[in-house]
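Student: Chain by chain, the residues:
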Amino acid sequence: MHTVVLENVVKTHGQVVAVDDVTLSIKSGEFFSILGPSGSGKTTILRLIAGLDVPDSGTITLQQRIVNADPPHVRPVNMVFQHYALFPHMTVFENIAFGLRMHRQSRQDIREAVEEMVALVRLKGKTQRFPAQLSGGEQQRVALARALVNRPVVLLLDEPLAALDQQLRQDMQAELKRLQQEVNATFICVTHQQDEALMLSDRLGVMHRGTLLQVGTPQEIYEQPVSSTVAKFIGLSNSLSGMVTRTENNFCWIQAEAFPTVMARCPEGGVEHGSATVMVRPERLHISVDGPVNGYENTFPAIVHHVVFHGNEMFYQFRLRNDAIWTARVPIAGTHARPLVPGQSVYLQWAAHDGLVLSS
Amino acid sequence: MIHLPSHSLPLPLKCSFWAAALLLIVFFLFPLLVVFGVSLASRGLYGGVEWVGTLENYRRLADPLLGMIFLRSILFASMTTLVCALVGFPLAYAVARVSQRWQLVFLTLVMIPFWTNFLVRTYAWILILRADGVFNSLLIQLGVQSEPLSLLFTDFAVGIGLVYGYLPFMVLPLIVAIERIPPQLEEAAYDLYASMGGMFRHVILPLSKPGFIAGGVLVFIPSLGAFITPYLLGGGQKMLIGTLIQQEFLISRDWPFGSALSFGLMGIVLMLGFVVSRTFLGRSAR
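Sequences listed follow chains A and B, in order.
Going by my numbering, the first sequence opens with residue 1, and the numbers climb by one from there.
Going by my numbering, the second sequence opens with residue 1, and the numbers climb by one from there.
None of these hints come from the bench; they were simulated from the model.
Errors might be hidden in some of the hints.
Okay, the calculated bits of chain B under chain A, using three or more residues with CB under 8 Å as the criterion [said to hold, decoys possible]:
# : segment
1 : 77-89
2 : 119-131
Under 10 Å between C-beta atoms, here's a sample of chain A residues computed to sit facing chain B [stated by the list, open to error]:
# : residue
3 : Pro88
4 : Leu100
5 : Gln317
6 : Arg321
Example chain A residues on the side facing chain B (calculated, C-beta under 10 Å, incomplete) [to be verified]:
#  : residue
7  : Leu24
8  : Lys27
9  : Ala143
10 : Arg209
11 : Arg329
These figures come from a predicted structure and were not determined experimentally.
We put the beta carbon where it would ideally sit given N, CA and C, even for glycine.
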């Protein structure tokens, strides 16, 4: 069952088209992320669902009901704002109780619901503090509790972890996932952090300049990006542009100037002859130091450009013939006895099914 | 115990401290002491001050007639403050929330009256309010009223004059306070099921409190001592403390009693300030 359905939604801010004909269905109980660079319109989608913005055209359906004209205070959704927007003059308790008070619930019910929520987000003993007396992570929990206490059908999160430092962000990622499972609500999370989106989401959508480029599971989007824009946005990728010369059995042959013909997977739905881009993920590259080895369809000569030690893996940059820089990631356990040094000549090799052709 | 700046303070800070202290002594403390001295002296036979020490001036403050004047002044000042707050809040909210360009226009409109002399602006109100004035002609032209209303020289006219004169002092601090409230807090309130009324009651009004306090002080104190407005628009028919002090100095030429009245007024302001800050500020002092 779909909790939230957007159909052909358009929203402009003056001359700027923030959301351009977006159609999207979000299933009940799923953790859905909208990933995109800032200004891609992802926050506007949240605001449209919350009712803080009204679409120019298209329909927004919440639980089979068109809510286009409903003001925010009658929609069964709640939002966690980017900078939390906690009420500075209210204690933690009063902040969390706000929505229930507006719904005129009894004091007793409010107390019980708030206490339950305070336990859930682990804020016991801090209910009488004011937001300014809390750490960033605690403020984040108050913001979550203040929204979740109302048992929303959909919880909207606008860059929920952006304001936290790295360590705290990782803790809160786990926390968010746990909360979502415990309250069993639909979460829609907007982020520009790809690792966040990949780790948290059941499905995610990639947005760019107001359009939704692709929707799928994190694995689908990582392995089957529909375009080079999506590929660039999710994970690191190496790419090479050329012309499609032949297609056969879901494989394409690409000819790029000064390179041997490259064999790679065709995208789903095939590819047209003409210019295209080959994409290879850094972890799929095999580095051959002493000449090419068998078992790989593609082999490029390259020069080691830069070596970075990342603790559990080595991070190499190579310069190709056309001066493009490609990266490869090699787990430390599999590193060659002699680490590569800049200036060294090597061969980058990869199997045809590890490369993907994207129409440019 | 006053903490004077220690030797460790940087030079610019030290200089500005002593400059501020000097300014306060010359322009505030010294005149105040002079007035206090005069209030302890006696009136000369033909006006003027005779330096014969006496507490007689302060004893005269106990006159029940004066009590009435003080009470009436407090009532006028309170009403002025209240009306300024009621009228000023929507205006301040609008100015704080419109786009930057309109904000400049609105702020200029609020400030323009300050470019003209206060006395002239009060005379303008006489032209508006008197029997053959702008307001009455308009009512008669529109057929709302057949006879002109007598508006001038009433409490109503004094009230209008005071509100008009001191409204900017309420609006400006309120604009500053409201501008500091992130608009996202309003959205959060709506998202948490608040209606527009609920949003104002629970978010904007409590967070505007610093503006109301500053504005309230800036309106209440000068309107308590106001003398031009009650004199011109009230016709001096009902005595207010400001007009009384003015008369003691300029007409009765009883400087010592006028000074004692001024100190009485200051005592009342301080007392009211103390009570108000205890009731309104005590809880949120953090």
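Student: Next step is simple, just say for each hint if it's right about the structure.
Tutor: Hint check results:
1. Residues of the segment 77-89 of chain B with a Cβ under 8 Å from some Cβ of chain A number 0, which does not satisfy the need for three, so the listed coverage is violated.
2. Counting residues of the segment 119-131 of chain B whose C-beta lies closer than 8 Å to any C-beta of chain A gives 0; at least three are required, and the coverage claim is violated.
3. Against a cut-off of 10 Å between C-beta atoms, the interface hint on Pro88 of chain A holds, since the closest Cβ of chain B lies about 7 Å away.
4. Satisfaction of the interface hint for Leu100 of chain A is found here, the shortest Cβ-Cβ separation to chain B being roughly 9 Å, below the 10 Å cut-off.
5. Contact between Gln317 of chain A and chain B, as hinted, is not supported at the beta carbon level, the nearest pair being about 42 Å apart and thus beyond 10 Å.
6. For Arg321 of chain A, the interface hint is violated, since its Cβ never comes within 10 Å of a Cβ in chain B; the closest pair sits about 52 Å apart.
7. With 10 Å as the threshold, the beta carbon of Leu24 of chain A stays out of range of chain B, its nearest partner Cβ sitting at about 20 Å, so the hint is violated.
8. The closest approach between the C-beta of Lys27 of chain A and any C-beta of chain B is roughly 23 Å, which is over the 10 Å cut-off, so the hint fails.
9. A hinted interface residue such as Ala143 of chain A counts as satisfied when its beta carbon comes closer than 10 Å to some beta carbon of chain B; here the least separation is about 9 Å, so the hint holds.
10. For Arg209 of chain A, the suggested interface contact is broken, since its CB lies about 25 Å from the closest CB of chain B, more than 10 Å.
11. About 40 Å separates the beta-carbon of Arg329 of chain A from the nearest beta-carbon of chain B, more than 10 Å, and the hint is not met.
Comparing the model with each numbered hint stated earlier shows that hints 1, 2, 5, 6, 7, 8, 10, 11 do not hold.
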